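Novice: The lines below spell out each chain.
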Amino acid sequence: MDDLLLRVKGLCTYFHTEEGLVKAVDGIDFDLKRGETLGIVGESGCGKSVTALSVMQLIRPPRGRIAGGTIEYIRGNEIIEITKLGIHSPEMRSIRGKEIAMIFQEPMTSLNPVYSIGEQIMEAVILHQQVDKREARKMAIQSLKEVGLSSPEQQVDWYPHQLSGGMRQRVMIAMALSCDPNLLIADEPTTALDVTIEAQILELMKGLQRTHNMSIMLITHNLGIIGEMSKRVIVMYLGKIVEIGKTDDIFYNPKHPYTRGLLRSIPTIGLKRRLNPIEGTVARMTELPHGCYFGPRCPRRMPICGEKEPPQFLVGDEQFAKCWLYEGGSV
Amino acid sequence: MTTSHKKPTPFEPAVILTVPGDHSKKDPKHKVGLSQWDLIWLKFWRNKLAVIAGVIIILVYLSILFADFIAPYPISLKNQDYVNAPPMGVHIFHDGKLTRPFVYGFKMEVDRRTYLRIYTIDSTKRYEIKFFTEGYEYNLLGFIKTNRHLFGTQGDGRLFLLGTDRFGQDMFSRIMAGSQVTLTAGLLGVMISLVLGSILGTLSGFYGGTIDMILQRIIEFLQSFPHIPLWLTLAAALPPTWSSINIYFGIVTILAFLGWTGLAREVRGKVLTMRSNEYTMAAKASGASSWYIIIRHMLPNALSHIIVVATLAVPGMILGESSLSFLGLGIQPPMTSLGVLLQESQNIRTIANYPWQFTPAIVIIVSILAFNFLGDGLRDAADPYSQ
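Quick note, the sequences are listed as chains B and S, same order.
Residue numbering for the first sequence follows our numbering, starting at 1247 and increasing by one per position.
Residue numbering for the second sequence follows our numbering, starting at 27 and increasing by one per position.
The following block holds chain S by itself, in its conformation from the complex (with noise of 0.2 Å):
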């Protein structure tokens, strides 16, 4: 029986720092005690594929954010002297001497049998690459006036780290301007399907009944569609006479209402267990209101998961952008993305002769995988008690 009559010493002291992870042990903080969010973090850090991802990520998104000072020309300025040619080699030697950055020239052949275009490089002129150099004018963070960039050419010289497309337009410049468009397209319609979702999936999850069902029953629905008919039925949809800017917003939104469903789901997922889990009934023991679980326990609980769905779900976002203005109902020229870049050197001929016109791709496949590292690390890490 467990009438034990052996006096009760006022508490378990073994057990006090057996905390799980050692670095419990090292880290000062121990004494205040390790919140979930510090071991979420301490554990992501450990992934370092994934910290690897998230700083390229970062990096990706500041320099959109600086894309017009980092960019040496602006999207549409054409130069009929260098339409289609390659990229061009950065040099820091001449006569086998270390100098300061430069670019050669190029000389331009036709060729009289195939008219191609040919380039050589023409090593009797050098350009040298200056930084914080004067360029065309623009307004840094939308606001600060200013015509410096990071870098460029002064005279005739032409900078072309990338290479041009057809119209002899720099391909770095817009690949840096199509990249703001979609990757920021990427993240604003996680942002708005991150709202609705959690929205929706919490009502759905903590109500339960005709509320659940009506909204599983339009999830379904939604989900069920074939995704590319809809969302060129619906872009398709958006009136023509629409500036770019707006079109940027209504494709923006068409992805976002197509794509919270996922999202309403996890969260509704995660709510349904956490409305049976004793600290709710806890909660709720000691006289809270609904509103009030819902706010101060189930969200912050599921929070870590809503991070790791809404990251994973920025690569959806991306190529369903990028696969919009592909197909040429996206983004209108003379706004650039990543997508309508793509869709410029769709031929035979780019992939033959032109092969540098795919970068874009690149730079689609590089954030989308740092995303998926990304989005796994969080994943690993959001439940930090799982060895």
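The following block holds chain B by itself, in its conformation from the complex (with noise of 0.2 Å):
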């Protein structure tokens, strides 16, 4: 209980569009501890990003609005319920940035042309601390250098049009960071750089997740990137957990249909072989299946899984799966 930091229970996050209610995160419960790294994967469209921005209440009403579930962030002995603070209010915004950061998936627009990227680090950090702009700039010029710029003295006053996308995420990264947050929740944040550039920057995030002692919770469709970053994953499908558990337990022996299914379709290097993606496509958000989500892609279907949901079975050590498979301790 003292080493946790945020707890989310049955969230649900729903957007009223026209082509009827999307439940696009529905009742999904997993909680973080102090310092670790969480890792949240999924094809597209499953609820990864909403998740994040639920945690962040940067859900846009009125299209979007979380419809139940609770996410606790615990901070010292204090729990506070972010779900029960307004979108716009002090306490919310005073969350935002200075206990939890985000960086974003798309650094060539994540940063605002008309400002110099010295300009915006030393926003995040008057926002937040009582400095004044001496001071901020010292400690943007400070963060530029922890993220591993060359010369963040003169960095600091070059413009986002002169930085390559690289080097645009480690100022995400240093803007992040300049607050020193406990959480920082990056949603896909290699997915526009090339693979030379995506290694230095996970290097870059675990380096400062060690100095910094903060939690990560990962956000990406990348599984390699999960085995490399994180202790703990989350496998979701339309908007549920399909698995939880340890990276090792998931990777090495999942249980659910859906993750053997995404870990056959990555291609290997150097092993011939045809790849296996999973049959079908993902349902459309407003005409569900009935019983399991997965059913209709399912390899391994049973008659029960068209009628009723699964629950979470435990499948191994604090490893559940979503499975019929699963009922009855089947390990």
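Certain hints may be false.
Which bits of chain B does chain S cover? Going by a derived footprint, with three or more residues having C-beta under 8 Å, they are [claimed, not checked]:
1) 1296-1309
2) 1327-1340
3) 1358-1366
Selected chain B positions facing chain S (in silico; Cβ < 7 Å) [to be verified]:
4) 1343
5) 1345
6) 1348
7) 1350
8) 1405
These aren't lab readings, by the way, just hints derived from the structure by calculation.
Values in this document were obtained by computation on a predicted structure and should not be read as measured data.
Ideal placement from N, C-alpha and C gives every residue a C-beta, glycine not left out.
Dock chain to chain to rebuild the complex, using the hints, since each chain is given by itself in its own frame.
Specialist: Right, dumping it as structure tokens:
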């Protein structure tokens, strides 16, 4: 309990669209410990990013809303229920950026083109800390140094268009870390970068996590990144958690047919075999199948799958799978 | 897989100096970093037509700022001896010798058959043009009392650079005064509609929902009215007892209150795209409030576009004022505007016999073209990252 940082219970985030109600996140539970990296993985549109945005309360009304469940943020002995705070309330604003920071997928557009990168980092610093401009500038330079820019004293005055994608993502990380947050939400932080830069950024995030002792919620569709970065992983499918557990267990002993399918569909260099994609396509959010959402695509479908939604079954050490195969603890 | 075990280098060195645009290598400022405004300026500077248009606009507005100083005569000074006189040529040669600039006097005869006044040059009378000469008294910039003028003649000599009208009033002086009214009306009108359009457009785009719905319907309603009848109705509603300066502000306000719609639309569109931009999301994720994001992130990004739209809106305002005055419902004499001047010359006799009385049209055309060229140049420069 004392090393818990975030506890999400039954979180439901719905969007009202022309085509009907979209349950982008539908009743998920997980918790996050201090200093831990939690990976969230899944196909596009499975609710990973919406989960992250819900934690930040950045779901935009009136279209989207958190329809149920709680998100508790634990600060020392105090438990703050994020879902109870108003979206625009000062309390929420003081959590955003200061306690929970976020970096986005697209570093090319995440920086405002009219300000130098220094000004943008200083902005985040001044919003949350009682410092003057000179002090803020020093802190900006310091955080640029931390993320490995070569000459932060000069580069602090550069504009976003002068930086490459990798450098921009470093700046985004610097901005996120400038207020020393307890939780960093990284929403596909390296998807837009090439592979060598990706490795550098991940290495950087790992290093900074150690020095700042912060938790990271890492959202990606790339299982390789999860394998490298996180100890624990959540696999999501159509707004629900289908499997949760330690990364090693999930990688070497996956239980849910969906997780197995995901792992099988990764190409391996040197091994000449046909790729094994998961059959079928993700169901439309507005026309969800009965029972288990993965049922229609599942190679081990049973009659019950089309009738009743499976609960989470304990399938190993801290490993849960949402699948009827494990009814009665048949691990 | 991405599990590269190469030790990461601190940064990617190859990319640092490949800044878009080659100027960075020559420009010593590249060490500090070129801001977006620097880039816009550099791109604008390369468009010579727009730069020339910008210079013309600055010159025109400077000259109307000092209109009384430049104009040799007060606008209502009537010269009975010089009714409908043609423009006087300025000469610098007399008897084959270079002299100071001067004008010849006019000899006037009345055609017995048509009763037209015919002016012929009387080369026995020479009037030297004096600079910084004394003339009628006025307040320079509104508060410096003086009677100095840029140029003029002394004694009984007259200097009508662009001829005179049917009362023998100097066209050049009247055009100066008329431009002062028309061109400032354009600028002032755009400023008012700029404020209205930016505020309402931002509200509409940022908050969306009901506010957006109502504002957009109002805009559509205003835009669906035919402009000229609406202007006429509103202008006719201005009390005739008002002084000409009040009428002037009334006209400007009418033009502005009908002209903000396009600008509001533009700003709304810009705000809508920026609202879902990742940097506004990032600002929100770092705890900034809505107003902070509007003022600090959206406005500076929309500003270049606002400037472009505003520049391109000035001609509409100028034409609006001219049209109203031309139709007799705008500026009232003795105040004058380019539209009033054109209205005074709207008859077949003028076209046939006194074509110089159409010079106000040239002023309108030149300033509108200049604003359009400047606006186009600014629009191309406003997005410096596009190639």
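Novice: All hints are to be evaluated individually against the structure, with a verdict given for each.
Specialist: Do the hints match the structure? See the list:
1. Figure legend: the region 1296-1309 of chain B, annotated as covered by chain S; annotation consistent (3 residues with Cβ-Cβ distances under 8 Å, at least 3 required).
2. Counting residues of the region 1327-1340 of chain B whose C-beta lies closer than 8 Å to any C-beta of chain S gives 3; at least three are required, and the coverage claim holds.
3. Using a Cβ-Cβ cut-off of 8 Å, 5 residues of the region 1358-1366 of chain B lie near chain S, which meets the minimum of three, so the contact claim holds.
4. With a least beta-carbon distance of about 3 Å to chain S, the hint placing residue 1343(B) at the interface is held under the 7 Å criterion.
5. A least Cβ separation of about 9 Å between residue 1345(B) and chain S goes past the 7 Å threshold, and the interface hint is therefore violated.
6. A least Cβ separation of about 4 Å between residue 1348(B) and chain S falls short of the 7 Å threshold, and the interface hint therefore holds.
7. Annotation: interface hint on residue 1350(B) holds; nearest CB of chain S at approximately 5 Å, less than 7 Å.
8. Using the Cβ-Cβ criterion of 7 Å, the hint placing residue 1405(B) at the interface with chain S is satisfied: the shortest such distance is roughly 5 Å.
Consistency note: the structure conflicts with earlier hint 5 alone.
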